[in-house]
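Please arrange chain X on chain C, whose structure you already have, making use of the hints.
Respectively, the protein sequence lines represent chains C and X.
Residue numbers for the first sequence follow our numbering, beginning at 1 and rising by one.
Residue numbers for the second sequence follow our numbering, beginning at 1 and rising by one.
It is worth saying that the hints were derived from the structure and are not from the lab.
Treat the hints loosely; a few may be bogus.
[Stated by the list, open to error] Straight line, CA to CA, 25 Å or less: simulated DSS-like cross-link-like pairs of lysine-lysine:
1. X:5 to C:132
2. X:266 to X:5
3. X:40 to X:174
4. C:49 to C:90
5. X:15 to C:132
6. X:164 to C:90
7. X:147 to C:90
8. X:48 to C:78
9. X:15 to C:139
10. X:10 to C:132
11. X:19 to C:132
12. C:49 to X:212
13. X:74 to C:101
14. C:78 to X:212
15. X:15 to X:5
16. X:212 to X:147
17. C:78 to X:40
18. C:90 to X:5
19. X:274 to X:5
20. C:49 to X:147
21. C:101 to X:247
22. X:15 to X:247
23. X:10 to C:139
24. C:49 to X:48
25. C:109 to X:164
26. X:266 to C:139
27. X:164 to C:101
28. X:147 to X:31
29. X:164 to X:74
30. C:139 to X:5
31. X:109 to X:74
[Unchecked claim] If you want the ones that stay clear, here's a sample from chain X, every Cβ over 12 Å from chain C, calculated:
32. 33
33. 49
34. 177
35. 253
36. 254
37. 257
38. 283
39. 284
Glycine included, every Cβ here is placed at the ideal spot set by N, Cα and C.
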Amino acid sequence: MAEAHTIQVDIVSAEGELFSGAATMVFAPASQGDLGIAPRHAPLLTLLKAGEVTVQTPEGERHHFFVGGGALEVQPNKVTVLADTAIRAKDLDEAAALEAKQRAEEALKDKSGHIDQAQALAELARAAAQLKLIERLRKIRS
Amino acid sequence: MPGTKEIRTKIASVKSTQKITKAMQMVATSKMRRAQDRMKLARPYAQKMRNVIGHLTEANPDYRHPFLLEREPKAVGIVVISTDRGLAGGLNANIFKRVIFLMREWQQKGAQVSLCVIGSKGLAFFRRLGVPILANVSGLGDRPHIKDLIGSVKVMLDAYTEGKIDRVFMVNAKFVNTMTQQPVVEQLLPVQPVDTEGLQEHWDYIYEPDAKDILDGLLMRYVESQVYQGAVENVASEMAARMVAMKSASDNAGNLIGELQLIYNKARQAAITKELSEIVGGAAAV
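If we strip away everything but chain C, and leave its shape as in the complex, we get (with noise of 0.2 Å):
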């Protein structure tokens, strides 16, 4: 009964697989405060804060992952953190997001904004390349 033992564990971000591996306990900073998890703890469903989410093998190593916050999911045989790569909180988000609304406002309103400019600055640079281009063939041929 080795297998009773153990845990699978899964640790996924948006951006990339962390850890996936048995475990004999995985420690989680979970919303309500820190959790340890043992096999077969009962079937949880829990948000994280941002922390460290400690994995112990079981060959007694310890491995350490910093979470930004997430999720944690417990079935009977098997736990799975889902963890954010950003820092999250609130009013972060929110900033994050009136940010968002200020660019695309700032775009509308301003006719004259940073993509015209570029657009302009490229044109100029297309028509200096002409007048360079005039002016070495008139060289030639004079």
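For chain X alone, coordinates are given in the frame of chain C:
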């Protein structure tokens, strides 16, 4: 030799253009490979999240989340993912065409359309059309990060929660293979019911703190991860499209150089023949 010098400089200029397009092609090739890897890396997260949400809806908590409920679509939001840079063949044009088609479709049904634009090419295009743009994020680079997308996704989610929009779609280029990238439409909100038939075991969870908070957090992250997946896939498509476009540009430059070389050789030959006949003519006169 009049004319030959012009041809020579023309050849030199085409050659330097070819060098640039060749370099861009090679850069795009290596970037495409890395983007494909990131695409694969992002998959397990979305997959696992789908499973969790499937379990959650199956366990049937008393709380029905608005993100899961269908409502009468009076206004729709479209998240458009475009590139930041050009020279990627018809990639952006195809995406925009698909978006406009989708917009017409909903406008005919009497729904209002607003956009959330990711990528500066999309912003430049849709700004001219005069469609309301709720949020924008540009300059994500070749490695989009989920933290750069959170803000603009939240704007759409908030508008949905407040009832300003009733449905949210996402349009991005799907990476089929190196030669084909297809613009695809995906419905983000309401979240499409997750297929729970594949789940063999059913159980209810202990929720901590409660089902509502967890579902809130999960669904928000789920939508974000889908947009992230779309953005990464779009980068892979961009690189593939640029690779192909630059390859054909390099080939065209090669053909052009060949043709110019031929013209140059002919002109040179003609000049020599002319000179020779002049000398011969002069000698005969003497």
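Taking the hints in turn, this is what the structure says about them:
Distance hint between residue 5 of chain X and residue 132 of chain C is fulfilled; the C-alpha atoms sit about 17 Å from each other, no more than 25 Å. The hinted pair formed by residue 266 of chain X and residue 5 of chain X meets the criterion: a straight-line CA distance of about 13 Å does not exceed 25 Å. With a CA separation close to 13 Å, the supplied pair residue 40 of chain X and residue 174 of chain X stays within the 25 Å bound. A threshold of 25 Å between alpha carbons decides the hint, and for residue 49 of chain C with residue 90 of chain C the separation of about 12 Å falls inside it, so the pair holds.
Straight-line distance between C-alpha atoms of residue 15 of chain X and residue 132 of chain C comes to about 18 Å, which keeps the hinted pair within the 25 Å bound. For the proposed pair residue 164 of chain X and residue 90 of chain C, the alpha carbon gap of about 21 Å is at most 25 Å, so the pair holds. Proposed proximity of residue 147 of chain X and residue 90 of chain C is supported: the alpha carbons are some 13 Å apart, at most 25 Å. Between residue 48 of chain X and residue 78 of chain C the CA atoms are separated by roughly 12 Å; this keeps the pair inside 25 Å, and the hint holds.
Annotation: proposed proximity of residue 15 of chain X to residue 139 of chain C holds, straight-line Cα distance about 22 Å (limit 25 Å). Under the criterion of a C-alpha separation no larger than 25 Å, the hint pairing residue 10 of chain X with residue 132 of chain C is consistent with the structure, at around 14 Å. Straight-line distance between C-alpha atoms of residue 19 of chain X and residue 132 of chain C comes to about 21 Å, which keeps the hinted pair within the 25 Å bound. A hinted pair counts as satisfied when its Cα atoms are at most 25 Å apart, and residue 49 of chain C with residue 212 of chain X qualifies at roughly 17 Å.
As the CA atoms of residue 74 of chain X and residue 101 of chain C are separated by approximately 22 Å, the hinted pair is consistent with the 25 Å bound. About 23 Å separates the Cα atoms of residue 78 of chain C and residue 212 of chain X, which keeps this hinted pair within 25 Å; it holds. A threshold of 25 Å between alpha carbons decides the hint, and for residue 15 of chain X with residue 5 of chain X the separation of about 15 Å falls inside it, so the pair holds. Using a Cα cut-off of 25 Å, the hinted pair residue 212 of chain X and residue 147 of chain X holds, with the two alpha carbons roughly 24 Å apart.
The suggested pairing of residue 78 of chain C with residue 40 of chain X holds, with an alpha-carbon distance near 22 Å, which does not exceed 25 Å. As the CA atoms of residue 90 of chain C and residue 5 of chain X are separated by approximately 67 Å, the hinted pair breaks the 25 Å bound. For the hint linking residue 274 of chain X to residue 5 of chain X, the alpha-carbon distance of about 17 Å falls within 25 Å, and the restraint holds. Only pairs whose Cα atoms come within 25 Å are accepted, and residue 49 of chain C paired with residue 147 of chain X is accepted, the gap being roughly 16 Å.
Proposed proximity of residue 101 of chain C and residue 247 of chain X is contradicted: the alpha carbons are some 38 Å apart, above 25 Å. Using a Cα cut-off of 25 Å, the hinted pair residue 15 of chain X and residue 247 of chain X holds, with the two alpha carbons roughly 14 Å apart. At most 25 Å may separate the alpha-carbon atoms for a hinted pair to count; residue 10 of chain X and residue 139 of chain C meet this at roughly 15 Å. For the given pair, residue 49 of chain C sits about 19 Å from residue 48 of chain X by alpha-carbon distance, which is consistent with the 25 Å threshold.
With a C-alpha separation of about 22 Å, the suggested pair residue 109 of chain C and residue 164 of chain X falls inside the 25 Å cut-off, and the hint holds. Between residue 266 of chain X and residue 139 of chain C, the direct Cα distance comes to roughly 24 Å. Compliance with the 25 Å bound is thereby established for this hinted pair. For the proposed pair residue 164 of chain X and residue 101 of chain C, the alpha carbon gap of about 15 Å is at most 25 Å, so the pair holds. A distance of roughly 21 Å separates the Cα atoms of residue 147 of chain X and residue 31 of chain X; the hinted pair therefore holds under the 25 Å criterion.
Restraint check for residue 164 of chain X and residue 74 of chain X: satisfied, since their Cα atoms lie roughly 9 Å apart, inside the 25 Å limit. With a C-alpha separation of about 12 Å, the suggested pair residue 139 of chain C and residue 5 of chain X falls inside the 25 Å cut-off, and the hint holds. Of the pairs offered as hints, the one joining residue 109 of chain X and residue 74 of chain X holds, with about 9 Å between alpha carbons and a cut-off of 25 Å not exceeded. Against the 12 Å criterion, residue 33 of chain X stays outside the reach of chain C, whose nearest CB is about 16 Å from its own CB.
Taking the minimum C-beta to C-beta distance to chain C, about 6 Å, the non-interface status of residue 49 of chain X is violated against the 12 Å cut. Non-interface call for residue 177 of chain X relative to chain C: holds, since the shortest CB-CB distance, roughly 23 Å, exceeds 12 Å. With a cut of 12 Å on Cβ distances, residue 253 of chain X stays outside the contact zone with chain C, its closest approach being about 17 Å. The beta carbon of residue 254 of chain X sits about 22 Å from the closest Cβ of chain C, which is more than 12 Å, so the claim that it is off the interface holds.
For residue 257 of chain X, the requirement that its beta carbon stay farther than 12 Å from each beta carbon of chain C is met, with the minimum near 18 Å. Taking the minimum C-beta to C-beta distance to chain C, about 32 Å, the non-interface status of residue 283 of chain X holds against the 12 Å cut. Every CB of chain C is more than 12 Å from the CB of residue 284 of chain X (nearest about 34 Å), matching its label as outside the interface.
Violated hints for the displayed structure, listed by number in ascending order: 18, 21, 33.
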